[in-house]
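There are 2 protein chains.
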Amino acid sequence: MMKLDRREFAALMLAATAVAGFPRPADAANDDPLPSWSDGPAKQSIVSFVHATTDAASPDFVPPADRIATFDQDGTLWVEQPIYTQIVFVFDRVPDAVKERPELANEEAFKVVLSGDRAAIANLSTEQLLSVVGATLTGMDVDTYRDEVAAWIKGARDPRWKRPFTDLVYQPQIELLKYLRANGYRTYIVTGGGQDFVRAYAEAVYGIPPEQVVGTMFGLGFERGPNGKPVLKREPKLVLDDDHAGKPEGIHLVIGRRPHLAFGNSTGDREMLEYTKGASSATLAMIVLHDDAAREYAYGPAQGLPDSRVGTFPQELYDKAMKDGWIVVSMKKDWKRIFAFE
Amino acid sequence: MMKLDRREFAALMLAATAVAGFPRPADAANDDPLPSWSDGPAKQSIVSFVHATTDAASPDFVPPADRIATFDQDGTLWVEQPIYTQIVFVFDRVPDAVKERPELANEEAFKVVLSGDRAAIANLSTEQLLSVVGATLTGMDVDTYRDEVAAWIKGARDPRWKRPFTDLVYQPQIELLKYLRANGYRTYIVTGGGQDFVRAYAEAVYGIPPEQVVGTMFGLGFERGPNGKPVLKREPKLVLDDDHAGKPEGIHLVIGRRPHLAFGNSTGDREMLEYTKGASSATLAMIVLHDDAAREYAYGPAQGLPDSRVGTFPQELYDKAMKDGWIVVSMKKDWKRIFAFE
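Listed in order, the protein sequences are those of chains W and G.
Each residue of the first sequence is one higher than the last, beginning at 21 in this note's numbering.
Each residue of the second sequence is one higher than the last, beginning at 21 in this note's numbering.
Because the hints were derived from the structure by calculation, they are not lab data.
Fair warning: there could be bad hints in the mix.
In silico lysine-lysine, DSS-like type, Cα no more than 30 Å apart, as pairs [to be verified]:
1) K249/W - K297/G
2) K257/W - K257/G
3) K257/W - K174/G
4) K343/G - K174/G
5) K297/W - K257/G
6) K297/W - K249/G
7) K297/W - K174/W
8) K340/G - K253/W
9) K182/W - K119/W
10) K343/G - K253/W
11) K352/G - K297/G
12) K352/W - K198/W
13) K343/G - K343/W
14) K249/G - K249/W
15) K182/G - K198/G
16) K253/W - K297/G
17) K249/G - K340/W
18) K340/W - K340/G
19) K119/G - K249/W
20) K297/W - K253/G
21) K257/G - K253/W
22) K174/G - K343/W
23) K257/W - K198/G
Which chain G residues face chain W? A few, computed with CB under 8 Å, are given here [said to hold, decoys possible]:
24) P79
25) E294
26) A302
Everything numeric in this text was worked out from a predicted model, so none of it was measured.
All C-beta atoms, glycine included, are put in the ideal place defined by N, C-alpha and C.
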């Protein structure tokens, strides 16, 4: 019989139990709350932060009531390329909106959208896009709108993966949300997207309830419906543009506490990340760099990545992240697995 | 020995044990979660509602996540006469505001407030009052403002009771808030008062955390402070007027769920109460009638009570309450004790 040292013996046992289907010593790895994260500095930062802020003996301890973590959605929790999912919803809704209000068909922006001409659509100005958004996403009551979004998102498919958009959530982030919640953090979405659009699926997809979705808010009109039952009707009036400086503003209006952790991916998240880093105690600011064209998309233009109108991450923001101790998460290097369906 | 029937015997035992300081059978009453509420239909409505919505076997069962209760503050949780506490704060702050911005002293409304002439102050138009509010409650960052409010409310005294305003909270409502929370309800304040004003003391006074205070919202500007640390500066721009139809609007923006219980006391709460009653399942709408001049104040003008500019409760609203099954809570009859200090 050959002589084995302890390490060789352990390796042999491991192989044997794996083959035999016995419990493996490596089962300890199943306790890893972040299995889709590569072992590296990003993952280590998260784990250290959570330990430091939840250990009552730590100088960085954060009382449970103050454990607030805020996540951007588009490009941070799910795919935002080639165009925001909510814009796809808007375009899909345009024919119905025109049926309900035929006068819309005379507006230039609606003509372009109805033409289906992708190049022309891409050339619509932000103002024109907003007029289409305003006309298609308002006028109904909030319950009807929620049901419309929920029904649409069940049936719609992303053209590249031929899957529901809700399948295109990043598995490492789902694990992170769960890990934070298991450690007493309340996880919020803070999105430039419509608050009620995201609420329609956030609970099912992210485990995040409506009161923890901060988003772009439209005015609501109080009306008594046909049965006398009061409803809130969506109005084409912006109450809060929850992007850039609107993100910390929305955080204060809805939560009233400064987050200890914030996660974004583009210029629109900069102020939220700065605001979070400005807390007087332990903080963690993280930002996703989309550098994996093979598994997802590659865009910046930071670090020589291609430029993008959607989810812009300029070099200047990258440099600021480096300077201020934000953790840049490389999709390519830090995420072992991107989607649950992989 | 005289012959006692069972009821007489029980009464005698009760008297004897009370005198002797023994545990009394009436100790069972100490388990009453609402001891300051008189036994009567209002209290019974609350208890029945809570039982029906928290018993999993009940057809009116409400899942914990949907157990939302919203309370107006002024006149519902604490005294609002002769004038809202926040207005007292504004007037107390005016001299400092004028010191910081001397040009304010030239404005008519500021002159009146600085004169201390009560009759003239009472005659200020709503527009003039709002200009004073705008100038005194904005311009500082949200943390500074919170600290100012917290410091002020510690020292300020109500002229009638010579006590801190925070002593003038209604003990029956404190018990109700606790009772609801003990039954899985999340209790929110939904106030026409300033959101950040109320947040500064709501947790200490009502046990209600900042994220559960919905109030009138001012715009917030993102600024980098002298140390480079970002702050949110209060701007004289109304984001949400959280009164009347603004209450259900604020509820939807911050909570995103329709409440099952709402409690108010005046016209400003009407839409919130209607909205709550419009839920498809079990609901409870309650409204305080201030009919106790001896222990608190008496005003309506419903039910022949004196009219009031503050906290108006007209007969038309009273009739609607009766018709739609809202519970009118008579301060005089339904509340055994009004203040904890009594």
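For each hint, the structure was consulted:
For the proposed pair K249/W and K297/G, the alpha carbon gap of about 8 Å is at most 30 Å, so the pair holds. Restraint check: the Cα-Cα separation between K257/W and K257/G comes to about 15 Å, which is no more than 30 Å; the hinted pair holds. For the proposed pair K257/W and K174/G, the alpha carbon gap of about 39 Å is over 30 Å, so the pair is violated. Taken as a hint, the K343/G and K174/G pair is broken in the structure, with Cα atoms around 42 Å apart against an allowance of 30 Å.
With a C-alpha separation of about 27 Å, the suggested pairing of K297/W with K257/G holds against the 30 Å cut-off. Using a Cα cut-off of 30 Å, the hinted pair K297/W and K249/G holds, with the two alpha carbons roughly 8 Å apart. Between K297/W and K174/W, the direct Cα distance comes to roughly 37 Å. Violation of the 30 Å bound is thereby established for this hinted pair. Simply put, K340/G and K253/W have alpha-carbon atoms about 23 Å apart, close enough for the 30 Å limit, and the pair holds.
Annotation: proposed proximity of K182/W to K119/W holds, straight-line Cα distance about 28 Å (limit 30 Å). At most 30 Å may separate the alpha-carbon atoms for a hinted pair to count; K343/G and K253/W meet this at roughly 25 Å. Restraint check for K352/G and K297/G: satisfied, since their Cα atoms lie roughly 25 Å apart, inside the 30 Å limit. The straight-line distance between the Cα atoms of K352/W and K198/W is roughly 22 Å, inside the 30 Å bound, and the hint therefore holds.
With a C-alpha separation of about 64 Å, the suggested pair K343/G and K343/W falls outside the 30 Å cut-off, and the hint is violated. A threshold of 30 Å between alpha carbons decides the hint, and for K249/G with K249/W the separation of about 47 Å lies outside it, so the pair is violated. Distance hint between K182/G and K198/G is fulfilled; the C-alpha atoms sit about 27 Å from each other, no more than 30 Å. A hinted pair counts as satisfied when its Cα atoms are at most 30 Å apart, and K253/W with K297/G qualifies at roughly 17 Å.
Among the hinted pairs, K249/G with K340/W is consistent with the structure: their alpha-carbon atoms are about 14 Å apart, no more than 30 Å. With a C-alpha separation of about 59 Å, the suggested pair K340/W and K340/G falls outside the 30 Å cut-off, and the hint is violated. Taking the CA atoms of K119/G and K249/W, the gap is near 51 Å; set against the 30 Å cutoff, the hint is violated. Annotation: proposed proximity of K297/W to K253/G holds, straight-line Cα distance about 17 Å (limit 30 Å).
The suggested pairing of K257/G with K253/W holds, with an alpha-carbon distance near 23 Å, which does not exceed 30 Å. For the suggested pair K174/G and K343/W, the alpha carbons sit about 42 Å apart, so the restraint of at most 30 Å is broken. Using a Cα cut-off of 30 Å, the hinted pair K257/W and K198/G is violated, with the two alpha carbons roughly 38 Å apart. Hint status for P79/G relative to chain W: violated, with the closest Cβ pair at about 20 Å, above 8 Å.
Taking 8 Å as the C-beta cut-off, the interface hint given for E294/G holds, the closest approach to chain W being about 5 Å. For the restraint placing A302/G at the interface with chain W, the shortest Cβ-Cβ distance is roughly 15 Å, beyond the 8 Å limit, so the hint is violated.
Against the hints set out earlier in the document, violations occur for numbers 3, 4, 7, 13, 14, 18, 19, 22, 23, 24 and 26.
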